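Below, each chain spelled out in residue letters.
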Amino acid sequence: MNIPSSIITLLLGIGLTLVSLWYGQNHGLMPVAASEEAAHIDGLFNAMMTISVGLFLGVQGVLIYSAIKFRRRPGELGDGAAIEGNVPLEILWTAIPAAIVLWISIYSFEIYNEMGGFDPEANGAHAMHSMPSGKGSAMAATMDASMAGMPDSSKLMAAVGVGASPANQGKPAAVNVNVLGLQYAWIFTYPDANITSGELHIPVGKEVQLNMNAQDVIHAVWIPQLRLKQDVIPGTPTELRFTSNKVGTYPLRCAELCGGYHGSMVTRMIVHTPEEYDAWIASQQQSTQAQADIVKQTIAMNPANMSAGTYLAPYAKEMGVKPEMVNHLHHDMNMSIASATK
Amino acid sequence: MTAELSIPTPTTEEDNVVHHHRRWQDYFTFSSDHKVIGIQYFVTGFIFYIIGGLLAEGIRTELATPDPDFVDPATYNSMFTMHGTIMIFLWIVPAGTGAFANYLLPLMIGARDMAFPKLNAVAFWIIPPTGLLLIASFFLGPAQAGWTSYPPLSLLTGKVGEGIWIMSLLLLGTSSILGGINFFTTILKMRVPSMSMMQMPLFCWAMLATSALMLIATPVLAGALILLSFDLLAGTSFFNPTGGGEPVVYQHMFWFYSHPAVYIMVLPFFGVISEVIPVHCRKPVFGYGAIAYSSMAISFLGLIVWAHHMFTSGTPPWLRMFFMITTMVIAVPTGIKIFGWLATMWGGKITLNTPMLFAMGFISTFVIGGITGVMLAAVPFDIHVHDTYFVVAHLHYVLFGGSVFGIYTGIYHWFPKVTGRHINDTWGKIHFVLTYIGFNVTFLPMHILGLQGMPRRIAMYAPEFQGLNQICTYGSYVLAISTVPFLVNAIWCAYKGEKAGDNPWNALTLEWQTTSPPEIENFEVLPVLTTGPYDYGDTERVEEPPKVFTNV
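Protein chains in written order, with the working numbering: chain A, 1 to 342; chain B, 1 to 552.
One chain only, chain A, in its complex shape (with noise of 0.2 Å):
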């Protein structure tokens, strides 16, 4: 049997194709994608997973096939073709790569804008004015949307991150959490109910926005259910904002060397239905609000804070002053100290 050569090169070149686009499909390397926008970068991968087997088993297979066929043989002398190059061949081996990646670039690009790359607040909301304003009319339009619709200062920060999808631009996100970074720790706070956590809350299918910040070194938030990992700078504040779409509990890690325990500054994130998130910031609260009471009370025994005469008030009478000269005693000790200095 005699099959022309070209007939098993198209068989292979679709068996090729089959594969990869099967193995691109199918790898299973990824965590679970809890949110729309990691689902896209899942979709990016696929795809760059898809032409990568390709080109791996091509290349693999051309090293394999010359190794057995064109091998030398005991006893075999002479030179291989004295082929030089073949222009119209390298041109084409040069375009199809540049295709490929300008493709991927493309790609890329959009899934980024998806994500809120894009979003100008989370990239120095307060710096865009001072841009030239031929940027673009649906650029300015958000622009002035975010501004009109912006109540609180801190979004006047130059915060830098990935921001709202396009849909979101300019409106408030429905969660704002606080995040402190420091060795090797993790602390969330949540100004609008007053509450703070070693873990992060957040109910399902709200949009989220991270403050985060830096105490020391620089880590970075790295969510990997979410796709999504931000450097949390010290001195620069940073944001992410992103919507869960899947209930669970996923970790959250810091991925930027920041010391000897790096790996274990890890805390959990907890994506709430949205009646368990309220049931989780009123139980908070409550702890809060009775943290706060005897932190309270335990401040206003605190004689540390208290001045000498009114720390000294209750004993006068055992120590047998009138209580006006306890009062004089701060005034005296003031004066006594700066006459010892002189």
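Read the hints as simulated data drawn from the structure, not as lab findings.
Please note that a few of the clues may not be correct.
[As the list claims (entries may be wrong)] Only part of the chain B face toward chain A is listed, based on derived beta-carbon distances under 7 Å: (1) L153; (2) R282; (3) I336; (4) M360.
[As the list claims (entries may be wrong)] Computed list of chain A residues with no C-beta within reach of chain B, every gap over 12 Å: (5) K171; (6) A174; (7) I187; (8) N194; (9) Q230; (10) Q284; (11) Q291.
Remember, it's a predicted structure, so these values are computed and weren't measured experimentally.
Just so you know, even glycine gets a beta-carbon here, dropped at the ideal spot from N, CA and C.
With chain A held as given, fit chain B onto it using these hints.
Showing chain B alone in chain A's frame:
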């Protein structure tokens, strides 16, 4: 059927010429002979490679279990900091640009030595004391902030170790710049008169591209390090946010050098592969011009991609898009090389000896590093995998699967030239198989770890990652063992190996036209080119249609 070179055979006149003989002391003193310096670079580099490798084995042993139970976490951080620094600055850069370029460039272009032999020796002699200084910091509280040494962490983890680290890198950078000046000048000015630029071996093109990068990028690293040392020792606030400094500026300056450094580490081995494949396939290199120019294109593009290391550092979006596109574009010239090498093999008469196997191993593993490199350039995907084990896998596929496989390719290929003896091919193949298996078992699972959620540079990790980590650890032990047959084989055969003759591969480049090992000033009489570097092949066979089936 190779064209002959009109080079006088020096052996006949040997008795009439007074020779300086090489003494063993030359290898331990300030010799300005480029071949001695090349060997000095390689042996020094290999010693540091073993030290860096032992550190890597320590890291993998720590990571065999999720808990930090082998060393304490601060020591662990020092270990990977030192591992990275040693492997990059004391092994791959000196081996590629120091050893191979020094030994081969003058021989390949028909020169008697480098343009500045004394400077060459100075560049080498900076390295051993600096390496010792860096290793000495192990006993004084070594640097712990990773080889990237980002402030403010690097300013907070011990002044002495970090200070020594900065000092060492400044010295090694100086050595690199001195080397770059030498290579650049030698390639442009020292070629035999009959050799035009387009007749240079491709290794020379690769080194031209590399030395341009060394000269342009290294001073910026020096600037970053000097400012960092001010912050560290004098309390200034260039990068320290507590004084109003901007830590991200350091990252820009650092990566402006350290991304081109990747090309400094891999371009010379693109050159090595371009030399080795045509010789052992007995075919002209496919698309000489394309491979030569693609080196220059990579060199240029390599300078404008640095911020792809900083997609999560708060880089403005338009900048992220710019760096994404430039990074993606590098895939094009790199692809041209890989396809060129494959086309060179296609239809050749391939001798599957150790250098050829390592060259094929290089293509096979480097292509994975190249593919993941394109993936990492895509901003949305990079945001997920930045600073994870996916990146660790990627960089080792480039720097081990690329550079170290390239080093071994070159060593096996030029061993007969350097020593005059053959290196044992069977043991070489055992070395190749062990290295190839060990390497892939170590680093392939790391891609999955990163995608699944394991950050890099951690001493303790979530228990769900233990299975894959143990596979990596076992792989790393195989990789460590694979070095033993090489070392024994190389040392044994350097003294006792079978005599190789001057040109055992029947190669056409000029280094093979002199004696093995080459005499002190390389050539008795300067050679005249009568053939291109890759004019292999039976011209009669070109017209013959390729056969579809061949019976074995």
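Verification of the supplied hints:
With a cut of 7 Å, the hint placing B/L153 at the interface with chain A holds, because the nearest CB-to-CB distance is about 4 Å. Annotation: B/R282 was flagged as interfacial toward chain A, and the flag holds, the nearest CB pair being 4 Å apart, inside 7 Å. Residue-level restraint check for B/I336 holds (minimum Cβ-Cβ distance to chain A is 6 Å; threshold 7 Å). With a cut of 7 Å, the hint placing B/M360 at the interface with chain A holds, because the nearest CB-to-CB distance is about 5 Å.
Look at A/K171: its CB is around 19 Å from the nearest CB on chain B, clear of 12 Å, so calling it non-interface holds up. Every Cβ of chain B is farther than 12 Å from the Cβ of A/A174; the closest lies at roughly 22 Å, confirming the non-interface assignment. The beta carbon of A/I187 is kept farther than 12 Å from every beta carbon of chain B, the shortest such distance being approximately 18 Å. For A/N194, the condition that its CB be more than 12 Å from all CB atoms of chain B holds, with the nearest at approximately 28 Å.
A beta-carbon of chain B is positioned within 12 Å of the beta-carbon of A/Q230; the least distance is around 6 Å. Distance check on A/Q284: its Cβ is at least 26 Å (rounded) from any Cβ of chain B, clearing the 12 Å threshold; non-interface status holds. No beta-carbon of chain B is positioned within 12 Å of the beta-carbon of A/Q291; the least distance is around 31 Å.
The structure does not agree with numbered hint 9 stated previously, though it agrees with all others.
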